[in-house]
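Colleague: What follows is each chain in one-letter form.
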Amino acid sequence: DAGVIQSPRHEVTEMGQEVTLRCKPISGHDYLFWYRQTMMRGLELLIYFNNNVPIDDSGMPEDRFSAKMPNASFSTLKIQPSEPRDSAVYFCASSYGPAGGNTIYFGEGSWLTVV
Amino acid sequence: QKEVEQDPGPLSVPEGAIVSLNCTYSNSAFQYFMWYRQYSRKGPELLMYTYSSGNKEDGRFTAQVDKSSKYISLFIRDSQPSDSATYLCAMKGAGSYQLTFGKGTKLSVIP
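Those sequence lines, one after another, are chains A and B.
Numbering (this note's numbering) for the first sequence: 1004 to 1118.
Numbering (this note's numbering) for the second sequence: 311 to 421.
Keep in mind that a hint or two might mislead.
No more than 30 Å apart at the CA atoms, straight line, and that leaves these computed lysine-lysine pairs for DSBU-like [said to hold, decoys possible]: (1) B:LYS380 x A:LYS1027; (2) B:LYS352 x A:LYS1081; (3) A:LYS1071 x A:LYS1081; (4) B:LYS416 x B:LYS366; (5) A:LYS1081 x B:LYS312; (6) B:LYS312 x B:LYS377; (7) B:LYS377 x A:LYS1027; (8) B:LYS366 x B:LYS380; (9) B:LYS380 x B:LYS312; (10) B:LYS312 x B:LYS352; (11) B:LYS352 x B:LYS416; (12) B:LYS312 x B:LYS366; (13) B:LYS352 x A:LYS1071; (14) B:LYS416 x B:LYS380; (15) A:LYS1081 x A:LYS1027.
If you want a taste of the chain B side facing chain A, the calculated C-beta under 7 Å gives, among others [to be verified]: (16) GLY326; (17) ILE328; (18) GLY353.
Because the hints were derived from the structure by calculation, they are not lab data.
No residue lacks a Cβ here, since even glycine has one placed at the ideal position from N, Cα and C.
Please model the complete structure; the sequences and the hints are all you need to start from.
Modeller: Set out below in structure tokens:
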């Protein structure tokens, strides 16, 4: 399998612009997670889906962030409008079964810079 | 107090050394403990997983969990330059879907 695929790998955008990050989970996985990683705060869970349904979005920082999973093979994380403090690495991850003993597989991340 | 504390390092050791990486935590509900390795500009990958207390060994890697002290460790024997990476501890409670990560320790193994 190709693993979790994220795009774009790098994005530089101006403050106020809309940013859309994309993720293709591993085929057959029923859980999908969006994480954000910064030097200050480390890895933080933003939202996760089970069978395409959002289960917990309590980590989404504010209304400017939204995530969708229209089908089992695709998810998006959107930031509108973007702000410089949104600059971070955004990881998508997937697993079969919940995040317990089961392995979570991470993508290589989308490196976002908002100027 | 943060739920999970991890010394960010950096930690620099000579090739062949034994490396000890540690995390402390405050949430007594945590039952599953993991170590992830993250190479530069890559996503984290699961290295070791332990349920509850005890030790687990996998090749050169040993994970230890001491729930009474709320302390977990990862030991790397005969460290290699290819072990140079950031190591993140992660943990979760039973029935929870949310992993709580440490901020990671950056390790450099010098040839």
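Colleague: Next, verify each hint and record whether it holds.
Modeller: Tested hints:
1. B:LYS380 x A:LYS1027: Not satisfied, since the Cα-Cα distance of roughly 36 Å exceeds 30 Å.
2. B:LYS352 x A:LYS1081: Measuring from Cα to Cα gives roughly 21 Å; hence the hint holds.
3. A:LYS1071 x A:LYS1081: holds (9 Å)
4. B:LYS416 x B:LYS366: It holds: about 22 Å lies between the C-alpha atoms, which stays within 30 Å.
5. A:LYS1081 x B:LYS312: Between A:LYS1081 and B:LYS312 the Cα gap is close to 28 Å, so the pair holds against 30 Å.
6. B:LYS312 x B:LYS377: holds (17 Å)
7. B:LYS377 x A:LYS1027: violated (37 Å)
8. B:LYS366 x B:LYS380: holds (17 Å)
9. B:LYS380 x B:LYS312: Holds, because 13 Å separates the two Cα atoms, which is no more than 30 Å.
10. B:LYS312 x B:LYS352: holds (25 Å)
11. B:LYS352 x B:LYS416: Distance of about 14 Å is within 30 Å: holds.
12. B:LYS312 x B:LYS366: Given pair B:LYS312, B:LYS366 holds - Cα atoms ~26 Å apart, limit 30 Å.
13. B:LYS352 x A:LYS1071: Roughly 24 Å between the alpha carbons, so the hint for B:LYS352 and A:LYS1071 holds.
14. B:LYS416 x B:LYS380: The hint holds at about 22 Å.
15. A:LYS1081 x A:LYS1027: holds (15 Å)
16. GLY326: violated (30 Å)
17. ILE328: Violated - the Cβ of B:ILE328 stays beyond 7 Å from chain A, reaching only about 26 Å at its closest.
18. GLY353: holds (3 Å)
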